[in-house]
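These are the residues of each chain, in order.
2 protein chains.
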Amino acid sequence: MLTTELSDADVAGLRANKERLQGWIHHSCQWGSGIRWGDGPTDTGMARLSLSEEDKQVRSWFVETTKSLGCNVTIDEMGNIFAVRPGRRKDVPPTVVGSHLDTQPTGGRYDGILGVCAGIEMLKVLEEKGIETEGGVGVVNWTNEEGARFPKSMICSGVWAGQIPVTTAFDLLEVPTVASLPTAASAPESMKSALEKIGYLGTVPCSYTATPIAAHFELHIEQGPHLITAGQHIGVVTSVQAFRWFTISVTGRDTHTGTTAFEHRTDALYASAAMMVRARKVAKKHSCLASVGIVEIKPGSVNTIPGFVSFSLDIRAAEREIVLACEEELRTEFAAIAAEEGKGIGKPCRVDWRLDHDSPAVKFHPDCIECVTESTRALVGADYKSDKPESLYRTIMSGAGHDSVYTSLRAPTSMIFVPCRDGVSHCPEEFSTAEECVNGASVLLQAVVRYDRKRFQ
Amino acid sequence: MLTTELSDADVAGLRANKERLQGWIHHSCQWGSGIRWGDGPTDTGMARLSLSEEDKQVRSWFVETTKSLGCNVTIDEMGNIFAVRPGRRKDVPPTVVGSHLDTQPTGGRYDGILGVCAGIEMLKVLEEKGIETEGGVGVVNWTNEEGARFPKSMICSGVWAGQIPVTTAFDLLEVPTVASLPTAASAPESMKSALEKIGYLGTVPCSYTATPIAAHFELHIEQGPHLITAGQHIGVVTSVQAFRWFTISVTGRDTHTGTTAFEHRTDALYASAAMMVRARKVAKKHSCLASVGIVEIKPGSVNTIPGFVSFSLDIRAAEREIVLACEEELRTEFAAIAAEEGKGIGKPCRVDWRLDHDSPAVKFHPDCIECVTESTRALVGADYKSDKPESLYRTIMSGAGHDSVYTSLRAPTSMIFVPCRDGVSHCPEEFSTAEECVNGASVLLQAVVRYDRKRFQ
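Protein sequence lines correspond, in order, to chains A and B.
Mind the numbering: the first sequence is residues 16 to 472 in my numbering, read in order.
Mind the numbering: the second sequence is residues 16 to 472 in my numbering, read in order.
Treat the hints with caution; some may be incorrect.
Copies of one chain are not kept apart here, so a pair can be met inside one copy or by any two copies together.
[What the hints assert, rightly or not] Derived DSBU-like pairs (lysine-lysine); straight-line CA-CA distance at most 35 angstroms:
id: 1; residue 1: Lys212; residue 2: Lys144
id: 2; residue 1: Lys313; residue 2: Lys139
id: 3; residue 1: Lys358; residue 2: Lys299
id: 4; residue 1: Lys139; residue 2: Lys403
id: 5; residue 1: Lys400; residue 2: Lys313
id: 6; residue 1: Lys378; residue 2: Lys313
id: 7; residue 1: Lys212; residue 2: Lys296
id: 8; residue 1: Lys82; residue 2: Lys362
id: 9; residue 1: Lys33; residue 2: Lys362
id: 10; residue 1: Lys400; residue 2: Lys167
id: 11; residue 1: Lys144; residue 2: Lys105
If you're looking for bench data, these hints aren't it; they were derived computationally from the structure.
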């Protein structure tokens with residue numbers, strides 16, 4: 016039956032299968048298994064860095080599985096995989112659900128993975144119910160969303176959206192300090208060479224013109240405490256906060272730890288530590304977040320005061336202007352800290368800022384948000400028998416960046432959040448219950464069907 | 016002529032050769048040349064990590080050169096090289112001058128190197144003047160004094176003095192983060208395997224009983240600003256400050272930088288940065304030094320809050336008791352900082368201390384100090400024509416540890432300091448003038464001769 020022939024009740028009744036969804040998730044997590052946190056068979060985190068051998072294996076599984084569910088598979092030059100189940104109409108771009116199968120070095124089983132597996136489950140339900148869509152529908156696995164191995168998050172949806180030159184992405188080198196990455200120990204690898212090595216350097220250009228889409232939906236764990244704290248099942252994501260990533264370099268002077276009085280030091284690490292402490296204070300004042308995740312130190316010897324330190328700085332807020340105001344104050348404060356260290360001997364520290372990534376605040380598309388909202392109301396109203404279904408979900412802003420940030424520039428886009436335990440992610444213990452996962456997958460499934468109906472009404 | 020037959024005036028007139036000493040220093044610095052800091056042919060620092068290929072090359076030169084100056088060479092199982100010029104009496108241990116040829120990864124041309132090269136110059140002057148000593152005299156090159164590649168400074172004089180088990184030293188692994196060390200990129204190497212690789216795993220036990228010495232003198236750059244600021248030529252070193260080295264481990268929780276509010280974080284890096292800032296404040300209060308030189312972070316990703324950080328902490332003071340008092344206060348303060356971070360969610364950071372190295376305060380031997388003092392007075396009185404020679408030198412405490420700390424436990428020991436530019440060391444710009452170097456070498460030469468005469472008067 017065609018989506019446009021379904022009754023409203025038919026659509027409202029569409030559900031993903033809980034056990035099958037768990038199957039997709041945990042089967043796929045056999046590749047790149049990480050740190051154990053509990054006693055159960057699936058109580059381990061994930062360490063599936065982008066374009067690693069494990070990523071290659073899960074990609075093969077994704078391609079085989081989606082093909083077996085009737086999809087045509089396209090791989091672009093950044094290794095993005097587009098699995099599209101044809102619709103009745105052959106001349107229109109597909110509505111897709113997208114997310115990513117790569118993880119942080121000490122990540123969990125849900126960030127990204129849930130979104131892709133819910134897409135596969137969507138394909139399975141459509142097959143099972145014999146539902147034909149008007150336009151095609153598909154699942155996209157975006158490459159290197161995490162930015163953990165190759166230090167630019169969402170880079171491949173960024174190339175697809177025309178926001179990052181493909182050559183920049185090809186030449187991007189892996190972070191040599193990332194845990195458990197054997198190849199990084201020697202010469203850092205470029206994305207292009209890593210794509211070649213695992214056989215995912217596709218021939219199709221990475222571009223929204225070569226692989227156009229009609230809309231993009233993404234299901235994701237919240238990665239924050241709001242839903243779990245409020246006992247709500249679904250977050251209807253309406254926006255994404257702005258963020259800017261920097262590398263801060265602090266240059267001082269190598270000297271001996273045992274013979275150099277504090278007033279004779281130009282200690283790049285002391286200055287950096289003071290900056291890290293100050294960053295939180297200033298960010299709080301601006302209602303921003305500021306975080307440091309990577310630190311490099313030279314020369315790195317117990318009895319030598321470091322003459323050079325660089326560290327990452329990630330500043331986020333609901334609006335770009337707030338991020339910029341926080342950044343401006345931090346530039347002043349960091350300069351003052353640098354000037355103070357070594358001042359007495361006329362050799363102050365120097366501080367330099369390099370902008371690595373600039374992600375504007377995003378407002379998602381009202382049509383997509385409407386499809387998600389209707390699906391959410393249908394689900395919570397029926398499955399939780401509530402008179403006040405609006406108490407069981409909320410609209411929400413995403414704190415994290417997602418590939419949906421870039422797709423929103425080229426196609427109507429929105430996201431769906433489900434609760435996760437303690438609101439934590441990017442850690443092995445990252446967890447959502449099977450019920451929460453399937454709620455999200457059912458909303459995703461319905462939203463795609465509703466969007467298809469809306470397109471061709 | 017025998018040392019005991021020389022007149023006092025003969026001894027007071029003994030001088031090292033300025034140009035020849037420069038020749039020994041800069042010739043030896045061709046192996047392991049480091050960062051350039053000026054335009055002159057010798058305006059480069061050094062990067063000669065212990066037991067590296069470059070260290071092997073300079074060791075070969077040291078062995079050949081001392082042999083050509085009449086020495087018998089003994090290499091012990093830690094690669095310490097004892098080059099001894101026999102004296103008239105064959106049944107007594109030699110008086111030696113010792114220091115080290117290894118450097119920091121971004122070190123200079125004088126720390127350690129001056130002391131060994133001044134020893135070679137001493138041998139050359141004795142040969143040139145046809146002076147025979149009563150007991151033998153020698154030069155020792157101690158292995159891995161810096162503790163830069165293998166993170167335990169003075170470890171091989173420590174083994175020799177019976178303070179560190181030889182198995183501990185054999186098993187010590189190199190620091191994988193040390194700059195420009197190709198082998199460290201893969202599996203870290205142990206000292207024993209590194210000794211084998213460069214052919215310096217000697218068969219003689221590393222022990223003060225297998226290679227006994229009568230006394231140990233060490234010439235070194237001050238590595239501090241006192242002499243250069245006061246315009247003084249020689250520091251008669253009477254003591255060495257105490258120091259303790261720790262690895263501090265801070266455990267928090269990996270979470271997402273974009274979605275985790277400050278009050279939900281257990282940020283091991285934020286807590287560590289606060290500890291680094293606090294360490295200086297507390298150390299100042301106790302008249303100690305506290306320094307951090309190495310930091311390691313997991314997982315090391317821009318958008319993940321680090322759940323684990325470890326850092327080195329080096330605490331020093333004139334007396335061991337002061338170091339212990341500072342340490343005690345820091346243990347309390349660090350525990351409070353750790354308890355504060357993550358307190359709101361009941362998941363505070365945990366902090367653990369591991370003691371890596373404990374070097375007590377040392378008082379040098381009065382006989383050695385007397386020989387150095389007499390030699391210093393003879394030199395400055397004659398060469399600087401001063402009525403107040405005592406204004407041109409001072410007694411001084413060493414801020415840094417040296418192999419002399421360990422030798423002092425087994426033989427009369429003392430040290431000689433010469434000024435260095437800006438009081439800095441452990442950096443490429445580390446520098447002492449040719450005049451300052453030769454002053455120190457002349458005092459060293461005379462001190463050894465005086466000690467030999469004193470022994471057999």
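These are the hints, each one checked on the structure:
1. Lys212 to Lys144: neither (39 angstroms within a copy, 68 angstroms between copies)
2. Lys313 to Lys139: Neither way: Lys313 and Lys139 sit 53 angstroms apart in one copy and 39 angstroms across, limit 35 angstroms.
3. Lys358 to Lys299: both (28 angstroms within a copy, 17 angstroms between copies)
4. Lys139 to Lys403: within (31 angstroms within a copy, 97 angstroms between copies)
5. Lys400 to Lys313: Cα proximity of Lys400 and Lys313: none, with 61 angstroms in one copy and 45 angstroms across.
6. Lys378 to Lys313: Result: close only across copies, 33 angstroms inter versus 42 angstroms intra.
7. Lys212 to Lys296: For Lys212 and Lys296, the Cα distance exceeds 35 angstroms both inside one copy (44 angstroms) and across copies (51 angstroms).
8. Lys82 to Lys362: neither (64 angstroms within a copy, 45 angstroms between copies)
9. Lys33 to Lys362: between (64 angstroms within a copy, 32 angstroms between copies)
10. Lys400 to Lys167: neither (44 angstroms within a copy, 67 angstroms between copies)
11. Lys144 to Lys105: within (21 angstroms within a copy, 101 angstroms between copies)
Figure legend: structure checked against the earlier numbered hints; hints not met, in rising order: 1, 2, 5, 7, 8, 10.
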